[in-house]
Each structure stands twice: as C-alpha cells, then as structure tokens.
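These are the residues of each chain, in order.
Number of protein chains: 2
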Amino acid sequence: MGNLTTQYERFAELVKEMADVSHAQALLSWDQEVCMPPQGAASRARAMGTLAGIQHDHQTAAELVDLVTALGQADLQGDTAVNVRQVQREQKRALSLPKSLVVELTQTESLSHEAWVEARRNDDFAAFQPWLEKIVELKCQVAEAAGYTGSIYNALFDEYEPHACVEDVAPVLADLRQRLVPLVAGIVDSGRGTDDLFDQPFDIGPQETFGRRVMTDMGFDLEAGRLDVAVHPFCSGTSPKDVRLTTRYSAGLMQTSLFGIIHETGHGLYEQGLPDAEGMPVGSAISLGIHESQSRMWENMVGRSHEFWQHYLPVLADHFPQQLAGVDVDRIYAAVNQVESSLIRVEADEVTYNLHILLRFELEKAMIEGDLRVKDLPGAWNERMESYIGIRPGNDADGVLQDIHWPVGLIGYFATYTLGNLYAAQLYRKASVDLGDLSGQIASGDLSGLLGWLRTNVHTVGKRRTATELVHDITGEPLNVDYLMQYLEGKFKPLYGLS
Amino acid sequence: MGNLTTQYERFAELVKEMADVSHAQALLSWDQEVCMPPQGAASRARAMGTLAGIQHDHQTAAELVDLVTALGQADLQGDTAVNVRQVQREQKRALSLPKSLVVELTQTESLSHEAWVEARRNDDFAAFQPWLEKIVELKCQVAEAAGYTGSIYNALFDEYEPHACVEDVAPVLADLRQRLVPLVAGIVDSGRGTDDLFDQPFDIGPQETFGRRVMTDMGFDLEAGRLDVAVHPFCSGTSPKDVRLTTRYSAGLMQTSLFGIIHETGHGLYEQGLPDAEGMPVGSAISLGIHESQSRMWENMVGRSHEFWQHYLPVLADHFPQQLAGVDVDRIYAAVNQVESSLIRVEADEVTYNLHILLRFELEKAMIEGDLRVKDLPGAWNERMESYIGIRPGNDADGVLQDIHWPVGLIGYFATYTLGNLYAAQLYRKASVDLGDLSGQIASGDLSGLLGWLRTNVHTVGKRRTATELVHDITGEPLNVDYLMQYLEGKFKPLYGLS
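Chains as they are written, first to last, in my numbering: chain P, 17 to 515; chain A, 17 to 515.
It is worth saying that the hints were derived from the structure and are not from the lab. Some clues are possibly wrong.
[What the hints assert, rightly or not] In the SDA-like style, the derived pairs of lysine to any residue whose C-alpha atoms are separated by at most 25 Å in a straight line are:
hint : chain 1 : residue 1 : chain 2 : residue 2
1    : P       : Lys32     : A       : Asp462
2    : A       : Lys108    : A       : Leu30
3    : P       : Lys115    : A       : Ala77
4    : A       : Lys32     : P       : Thr124
5    : A       : Lys32     : P       : Glu25
6    : P       : Lys32     : A       : Val118
7    : P       : Lys115    : P       : Pro187
8    : P       : Lys115    : A       : Gln55
9    : A       : Lys115    : P       : Glu25
10   : A       : Lys32     : P       : Thr22
11   : P       : Lys115    : A       : Lys32
12   : P       : Lys32     : A       : Asp73
13   : A       : Lys446    : A       : Ile420
14   : P       : Lys115    : A       : Ala78
15   : A       : Lys115    : P       : Val118
16   : P       : Lys32     : A       : Gln55
17   : A       : Lys32     : P       : Ala58
18   : P       : Lys32     : A       : Thr76
19   : A       : Lys32     : P       : Thr76
20   : P       : Lys32     : A       : Gly94
21   : P       : Lys32     : A       : Met64
22   : A       : Lys150    : A       : Asp462
23   : A       : Lys32     : P       : Ala42
24   : P       : Lys32     : A       : Asn411
25   : A       : Lys32     : P       : Arg62
26   : P       : Lys32     : A       : Lys108
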C-alpha cells in the first residue's frame with residue numbers, strides 16, 4: 017500500500033498541475049469575452065493553442081499513463097477511485113485520437129465557423145453545406161477512434177453528458193415530444209393575446225441593481241465570484257472560489273437581462289458549491305445536463321413562479337415605478353410566462369424551448385447515424401418545425417443556420433439542454449416535498465432553503481455520481497418525463513385557460 | 017545552412033511557446049490585481065507556481081539547450097542573432113541556479129514579505145532584520161551561482177538593467193548626487209511657500225474623463241490596450257497589441273491620479289510600439305531603465321511642462337470650473353512642480369526623487385558587497401537622508417521600512433529608476449533638437465511629433481541594442497548627467513528664484 021500511496025500522490029500532483037493549466041485556459045477564455053482589446057485576438061489564439069498542446073502533452077505523458085494504469089488496477093475506494101476513473105476516461109479518449117485528426121478537426125471547426133457566419137448573413141445554406149458535411153465526417157471519425165457501445169452517436173454524446181446512452185435517452189425525449197406538441201397547440205389555439213408589459217424601455221442602471229440584488233439573494237458569493245458584461249451571457253471561472261458570470265443589458269430587453277442573470281447565477285451557485293478539491297476531478301460538475309438543471313431550475317421554476325413575483329414585484333417596482341405602475345402579481349407572472357410559436361431557440365419560452373431542442377437532437381443523431389444527408393437537412397428542419405411548433409421558417413438563416421453549435425463541432429450537445437429541464441423538474445419536485453413549504457419560503461423572499469437543499473443533495477456531491485445515479489439517489493426513481501410535464505401543465509394550462 | 021535554418025525554426029517554435037506561457041502568466045498577474053475576487057487567491061497562487069515551473073522546464077529542456085548551443089556557435093546575423101543571444105543569456109542564468117536555491121529564495125521572499133508588512137506596521141526593524149539578512153545572503157548565493165565580472169552586485173543589477181556594470185554606473189550616480197544635493201538645499205532655503213491648489217477635492221468622474229483624454233492624446237491605442245483601476249498603478253499586458261494600464265482615483269489626490277496615468281501611458285506607448293515579433297525576444301523592451309525613461313519623460317518633461325499646461329489648463333478647467341477658477345498657466349505649472357524635502361520616495365517630486373533612489377542604491381550595493389551589515393542599515397539610512405535631503409525619519413516605518421523592494425528580493429532594481437530619468441533627459445534633449453519646435457507642438461496640443469520620434473528611435477528598436485548602445489546611437493555620446501541637471505536647473509531655478 018506504501019507504493020500505491022506514493023503512486024497516488026504523484027498522480028494527484030500531475031493532475032493538479034493539469035488543473036492549474038486549465039485555470040489559465042479558463043481565465044484566458046473569460047478575458048477574451050470580457051476584457052481583451054480587439055487587437056489582442058491573434059496573440060491570444062496562439063497562447064490558447066500552446067496551452068491546449070501543453071495540456072494534451074501532460075494528459076498523455078508516459079508517466080501519467082503508467083500511473084493511471086497501475087492505479088486503475090488497484091482496489092481504490094472513495095474519492096481516490098473517482099479521481100483515477102475520471103482521469104482514465106479522459107486520458108483514454110485523448111490517447112485514442114490521432115493528432116492529425118485533432119488538428120484537422122480544430123482547423124475545420126475554425127474555418128467552418130467563419131463560413132457559417134457568412135452563410136447565415138447571406139441566408140445561403142448551400143455555402144455552408146460542404147463545411148457541415150466535413151464536420152459530420154470528422155466527428156464520425158472521432159467517434160470511431162474513441163470507440164462506443166450501441167449507437168455511434170454515444171461517442172459524441174458522452175463528451176457532454178458522460179455515461180449517457182442515446183438508447184435510453186431517445187425514447188424519453190420522444191415521449192416528451194409527444195406530450196409537448198399538443199400542449200403547445202392548445203396554448204396557441206387558446207387565442208389568448210400577448211402582454212406588452214416588457215415592450216417598454218427600462219433604464220440599464222436600475223436593471224443592473226435589481227439583477228445584482230436577486231443574484232446575491234440567491235446566495236451567490238461576490239467574494240468568490242464576479243458579474244460582468246459580455247456579448248454572450250455565460251458562467252465560467254477558475255475554481256469554486258472564483259466563479260465568473262456575464263450578462264448583457266438592453267433597455268428594451270429587460271426580461272432577457274434579468275432571467276439571464278438568474279440563469280447564470282444558477283450555474284454559478286453550482287460551481288461555488290462544488291467541493292474544493294484543489295483541481296482534482298471529484299470537485300467538478302457531473303455533466304452539462306446537471307449543470308443546466310441548476311440554471312433552469314432557478315430561472316424558470318423559481319424566477320418565473322408566482323411566489324417569486326409576490327416578493328420581488330414590489331422591489332422591482334421601487335426601481336421602475338413608472339413602468340410598473342398599477343401592475344399586480346398576476347399580470348407580471350403572466351407576462352414572464354408568455355408562450356409563443358417562434359423560430360429562434362434562444363428566444364423561446366419554456367414550453368416550446370424543448371421542442372426546439374428535440375428537433376435538433378433528432379436531426380444531428382440522424383446525420384451521425386447516417387440516416388440523414390446534410391443536403392436534406394434544411395427540408396427536414398422546416399418540416400419538423402411545422403409539425404412540432406406549428407411554424408415554418410421563411411429562410412434558413414432563421415432556421416437551420418441559426419445556431420453556432422454544429423458549425424463549431426458541438427454535436428451531441430443539444431440534448432443536455434432538455435435533460436437539464438427534465439432533471440430540474442424532477443429535483444425541484446423532490447426539494448418541494450423535502451422542504452415542506454418551498455413556495456411559502458420563496459414568497460417571503462427566502463431563497464436559502466432551496467440553496468441549502470441543492471448544496472446538500474447536488475453541489476457537494478461533486479463528480480462522485482453520474483447524472484443517472486444522482487437523480488436516482490435523490491428521487492428514488494429513474495429520469496421521469498412526468499415531472500416536467502406536470503410542472504408545465506400545472507403552470508401553463510391555468511395561465512392559458514386550458515383544462 | 018539548411019540544417020541551421022531547421023534548427024532556428026525549431027528554436028523559434030520553442031521560444032514562442034515560452035512566450036505563450038508568459039502571455040498566460042502576465043494575464044494571471046494582471047487579473048489578480050484588477051479582477052480576481054478575494055477568495056481566488058489560493059488557487060491563483062498554485063496556478064502561477066505551476067506555470068512558473070512549466071516555464072522553467074521549457075527554458076532548460078535538453079532540446080532547447082542543444083539548439084541554443086548549436087545556434088550560439090553559428091555565425092548568425094540580425095534579429096536571429098539577437099533572439100539566440102537573449103535566450104542564451106536567460107537560459108544560462110536559469111541553468112546556473114540550483115533548484116534548491118530557487119525554491120528557498122521564493123519561500124523566503126514570501127515569508128519576508130509577510131514579516132515586512134508586520135514590521136512596518138509596528139515600526140519594528142529588529143523584527144525584519146533577520147529576514148533581510150537572509151535575503152541578502154541568498155541573493156549573494158544567487159550572484160555567485162550566476163557568475164559576474166567585477167563587483168558581485170553586477171550579477172543582480174544585470175537582471176533588471178541587462179549589460180549594465182556598476183563600475184560604470186556608480187560614478188555617474190555619485191556625480192548626480194553631488195550636483196543634486198546643493199540644488200535641493202537651494203530650493204529649500206529659498207523659503208518659497210507651497211500652493212494649496214490641489215488640496216481641494218476633485219470629482220473622480222471628470223478626473224477619469226480628463227485622464228483618458230490625455231492618454232488618447234498621447235497616442236495610446238485603446239483597440240490594443242485598456243486602462244483599469246487597481247490599488248497600485250502599473251503597466252502590464254500580453255503583447256504589443258494588448259497593453260494594460262492601471263491607475264487609482266481619489267478626490268483628494270488629483271495629481272497622483274493624473275500623473276499616474278501619464279506615467280503608465282508612457283510605459284504603455286513603449287509596449288505598443290515594440291516590434292510585434294510574436295513573442296520572440298527581439299520584440300521586448302531593452303531594460304527597466306529604458307522603460308522608465310519613457311514613463312518619466314512623458315510624466316515630467318511633457319506632463320509637468322509649462323507648454324503642456326498652456327494647452328491642457330483650459331481643458332481641465334472645463335472639467336473643474338470651480339476648482340480652477342482664476343488659475344493661470346503659471347500657477348498650475350508651479351503647483352505641479354513643487355519641491356519638498358520629504359520622507360517617502362513614492363510621494364517625492366522630481367528633484368528630490370533621485371536622491372531617494374541614490375541612497376537606496378548605495379546602501380544595497382554596500383550590503384551585497386559586504387561593506388554594510390544589515391543591523392547597521394537604519395542608522396546609515398537616516399544619516400544619508402539627512403545629508404542628502406536634509407530631513408531625518410522619526411521612525412523606521414517612514415524610513416528604511418517604507419519600500420516593498422528589498423523584502424521581496426528586488427535588490428539591484430532601484431538604480432533603474434534614476435537611470436530612467438537620466439536616459440529621459442538625454443533623449444528628450446535630442447528629440448527637442450531633432451523636432452525643432454517640440455515645446456511649440458506641445459503647447460498647441462500636438463503630442464504626435466514626440467511619439468513619432470520615440471517610435472522611430474526607441475520603440476521599434478526592440479531589443480536589438482543594449483541601453484548603453486541605444487543612448488549612444490541616438491545622442492552620439494555616452495550617458496551624461498549634464499542633461500538631467502540642465503533640465504532640472506533650467507526648470508526649478510527660475511521656479512524657486514535661484515540664480
């Protein structure tokens with residue numbers, strides 16, 4: 017065991033060094049979005065490339081490979097086993113990919129990104145088609161090299177939702193789709209009009225003050241994090257003690273900014289609540305799906321709840337007395353929960369959102385599995401939009417070309433958004449049961465009960481469990497579509513007068 | 017030659033990778049001062065340590081050592097020769113220091129820094145004395161390991177002012193001291209009172225607007241740099257295309273903030289003007305002395321000139337009509353050029369400033385050369401303060417304990433401040449001759465002539481010349497104290513009615 021201890025110590029030392037390089041990589045990326053002056057881009061790209069190379073060299077160095085092999089055969093327990101298993105997984109993948117393929121993919125993604133920007137601007141799918149064909153081809157090569165069980169899609173899915181298996185997930189998502197489509201149709205057919213409450217300008221200063229108030233009420237620790245402005249809202253950071261959120265403000269888009277902050281704070285609370293393992297894998301997030309469950313739970317189940325606005329409407333009205341004069345809780349609750357058939361995913365409400373995701377998941381799965389040719393993609397996209405959401409894009413720029421994901425090689429990613437919503441609903445139901453009067457707590461402005469529950473049940477678990485295990489541990493059952501549907505139907509049927 | 021070309025290409029590749037790691041190191045340091053939340057410190061310290069280790073491993077890797085050896089023996093010309101020579105210098109130093117010594121020094125500097133903070137707070141030199149003794153001892157070991165010609169002090173001096181030689185510099189500085197002491201005494205004896213113009217509050221908002229105006233008038237490119245707020249003003253950055261300045265604002269310290277911005281912009285213009293060599297050494301600054309010549313020239317020779325205020329007084333008065341009501345150019349010129357015998361270096365005017373530096377230079381040189389024991393340092397300090405500046409510290413906190421340099425191991429650094437002033441005066445005189453009517457240009461608000469001259473003569477030279485060579489190239493003579501003395505006497509004798 018003495019030998020094993022020494023081996024593990026050296027292993028941990030090497031892994032922490034990789035975490036330190038990741039720390040630098042994360043800061044360089046954050047800075048690029050938030051601080052870097054425009055002309056710094058070329059030098060930053062070179063530095064990022066070099067750090068990625070250093071990281072790859074460390075990850076695949078003979079010493080670490082030998083240590084991982086030795087430790088992987090030992091009978092390790094607890095966190096040490098988690099750490100070794102996780103490094104082994106990532107090392108195996110890194111070793112499996114020929115350097116030539118990695119280089120070609122990186123270059124193709126960069127060029128494809130440029131081609132996509134141009135193609136979207138010109139509404140010209142044909143110009144982008146060869147790039148997407150190349151991306152799909154290379155991604156299939158990556159999958160073959162990395163290896164998989166069942167569908168080839170699993171090799172890609174696994175990068176974002178570790179241990180997930182499309183054979184399990186696809187039927188769940190299909191079930192969700194079949195139940196969402198009639199709900200959306202019912203809402204659209206209800207004929208209820210829209211509310212123009214948020215179609216007026218809100219000054220940015222008070223927006224920011226209010227957003228920061230909600231963020232700190234939620235429990236985000238500004239001694240261990242920041243909120244900045246960036247073009248694209250995101251959550252990043254270098255450790256649980258340094259978590260960085262961004263948002264953007266616009267006088268005409270008050271809702272976008274507020275729910276953006278709440279969403280990113282949900283991510284940020286998860287990061288701040290992870291065990292501080294000095295960079296060892298046990299202290300990292302389980303999966304993108306679990307991460308998204310945290311942001312969506314706070315954004316939608318809390319931030320778009322009636323009880324939330326019972327407490328926060330008066331606070332917001334203090335900041336915007338003119339805009340909110342005479343507005344009551346029912347009205348603002350309805351205004352933040354409007355459902356519309358719309359073309360653009362990132363602007364979608366929480367009912368239609370998952371249908372936007374599901375069509376992308378189905379199409380990318382079909383492309384990777386060889387059942388859909390890239391040239392047939394726009395047609396397939398438009399048909400599904402019509403049959404799922406009841407609206408057909410008038411052009412590809414507002415259709416198949418709208419997302420950045422495929423152009424930059426993110427295939428296998430989309431489903432994690434909907435998994436996040438499913439996990440969120442199932443966990444939130446359990447939190448409500450455990451906490452007794454969660455709605456009452458929120459209505460009185462006390463968000464600490466929910467945060468405490470999430471800390472105990474989700475955040476501090478770190479990477480000790482898979483997403484599937486975590487959900488089962490907490491709720492006693494597997495992932496179940498019923499919870500999201502019950503939540504959505506319970507909320508939106510009354511709002512739209514459906515029975 | 018084919019072989020040599022291949023060797024040089026590989027050498028350049030490795031050196032650029034080191035530059036990329038430096039890029040990350042620079043950003044991590046900048047972020048620590050400007051953005052990082054307090055709790056991020058521990059993880060940041062680990063990451064910085066790891067990057068330093070990676071850098072050291074790369075610098076001393078066998079492949080690079082072999083390449084440098086081979087290329088060092090070849091007959092290289094131009095920039096390739098500069099690059100190889102520079103890497104060779106730094107590699108030689110890195111290889112010469114035993115790892116145990118580097119580790120001990122790093123740890124001692126960190127502990128010594130803590131002890132100094134405490135000792136300064138308690139005005140307790142005795143508590144700091146053993147730490148400084150240890151620092152001096154380790155620095156002497158470093159010097160012995162690194163090797164030197166002439167005085168042992170040269171090994172330390174060379175880190176900050178490459179190729180400088182204390183046997184040449186000390187007499188120049190002694191000459192300067194002998195000529196400054198009577199000038200200071202004359203000014204003090206003149207009995208002219210002080211002006212309270214800047215002893216009133218100036219709002220921070222307009223201070224910042226005005227400071228940014230001057231910064232951009234000077235030619236600082238905000239597409240390739242930033243200005244932020246930090247506790248300590250500094251200039252940093254990751255490349256000539258991403259140069260980052262900081263300052264601090266205080267309503268009661270308008271001068272500190274404004275001249276801080278001008279000073280750091282002087283550094284920043286040098287950085288932005290360096291050749292973009294993608295991280296190769298030829299694109300780096302010559303020395304700390306030359307760097308300081310750029311900041312001090314803009315701060316003092318330009319920013320504290322009568323002609324500068326001819327243009328900028330009306331602009332500043334637009335921002336502060338109340339504070340500057342009835343103030344004419346002569347008055348503000350006198351107010352920004354007040355000379356006082358004072359105890360604290362960082363608050364000193366440009367006449368007494370160099371005497372603060374010279375006593376530190378003399379004392380650290382004596383400690384390293386074995387001519388002064390650390391326990392005798394406070395007495396030596398106080399005696400020199402009295403004989404050079406005419407004022408004796410009432411306690412060590414305002415005396416020998418005031419600077420952070422020695423506690424953190426910066427020995428051999430102080431002289432570069434005064435070298436900067438000497439270089440600045442000599443270069444500024446030549447610029448005035450070359451440009452014909454530099455004063456007139458400045459009085460009309462045109463700072464581009466001077467910047468253009470500096471770009472051509474200093475900035476774009478990069479590291480192709482040593483400081484001594486550069487000054488000789490430009491002015492046709494060696495470093496000459498006369499220029500600084502003529503500048504100071506020409507400015508301050510009239511201001512204080514001296515003949």
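Hints, one by one, checked against the model:
Note on Lys32 (chain P) and Asp462 (chain A): the hinted pairing is violated, with a Cα-Cα distance of about 53 Å set against a maximum of 25 Å. A hinted pair counts as satisfied when its Cα atoms are at most 25 Å apart, and Lys108 (chain A) with Leu30 (chain A) qualifies at roughly 16 Å. Between Lys115 (chain P) and Ala77 (chain A) the CA atoms are separated by roughly 23 Å; this keeps the pair inside 25 Å, and the hint holds. For the proposed pair Lys32 (chain A) and Thr124 (chain P), the alpha carbon gap of about 24 Å is at most 25 Å, so the pair holds.
As the CA atoms of Lys32 (chain A) and Glu25 (chain P) are separated by approximately 32 Å, the hinted pair breaks the 25 Å bound. Restraint check for Lys32 (chain P) and Val118 (chain A): the C-alpha separation of about 21 Å stays at or below 25 Å, so the hint holds. Pair hint Lys115 (chain P) plus Pro187 (chain P) does not hold up; C-alpha atoms about 36 Å apart against a cutoff of 25 Å. The suggested pairing of Lys115 (chain P) with Gln55 (chain A) is violated, with an alpha-carbon distance near 38 Å, which exceeds 25 Å.
The straight-line distance between the Cα atoms of Lys115 (chain A) and Glu25 (chain P) is roughly 21 Å, inside the 25 Å bound, and the hint therefore holds. For the hint linking Lys32 (chain A) to Thr22 (chain P), the alpha-carbon distance of about 35 Å lies beyond 25 Å, and the restraint is violated. Restraint check for Lys115 (chain P) and Lys32 (chain A): satisfied, since their Cα atoms lie roughly 21 Å apart, inside the 25 Å limit. Simply put, Lys32 (chain P) and Asp73 (chain A) have alpha-carbon atoms about 17 Å apart, close enough for the 25 Å limit, and the pair holds.
Taking the CA atoms of Lys446 (chain A) and Ile420 (chain A), the gap is about 35 Å. The hint is violated against a cut of 25 Å. Taking the CA atoms of Lys115 (chain P) and Ala78 (chain A), the gap is near 24 Å; set against the 25 Å cutoff, the hint holds. Between Lys115 (chain A) and Val118 (chain P), the direct Cα distance comes to roughly 36 Å. Violation of the 25 Å bound is thereby established for this hinted pair. Among the hinted pairs, Lys32 (chain P) with Gln55 (chain A) is consistent with the structure: their alpha-carbon atoms are about 19 Å apart, no more than 25 Å.
Simply put, Lys32 (chain A) and Ala58 (chain P) have alpha-carbon atoms about 13 Å apart, close enough for the 25 Å limit, and the pair holds. Our distance criterion of 25 Å between C-alpha atoms is met by Lys32 (chain P) and Thr76 (chain A), whose separation comes to about 22 Å. Among the hinted pairs, Lys32 (chain A) with Thr76 (chain P) is consistent with the structure: their alpha-carbon atoms are about 22 Å apart, no more than 25 Å. Straight-line distance between C-alpha atoms of Lys32 (chain P) and Gly94 (chain A) comes to about 42 Å, which puts the hinted pair past the 25 Å bound.
In summary, the hint linking Lys32 (chain P) to Met64 (chain A) is supported, as the alpha carbons are separated by about 12 Å, within the 25 Å threshold. With a CA separation close to 51 Å, the supplied pair Lys150 (chain A) and Asp462 (chain A) exceeds the 25 Å bound. Simply put, Lys32 (chain A) and Ala42 (chain P) have alpha-carbon atoms about 21 Å apart, close enough for the 25 Å limit, and the pair holds. Straight-line distance between C-alpha atoms of Lys32 (chain P) and Asn411 (chain A) comes to about 46 Å, which puts the hinted pair past the 25 Å bound.
Annotation: proposed proximity of Lys32 (chain A) to Arg62 (chain P) holds, straight-line Cα distance about 9 Å (limit 25 Å). With a C-alpha separation of about 29 Å, the suggested pairing of Lys32 (chain P) with Lys108 (chain A) is violated against the 25 Å cut-off.
Violated hints for the displayed structure, listed by number in ascending order: 1, 5, 7, 8, 10, 13, 15, 20, 22, 24, 26.
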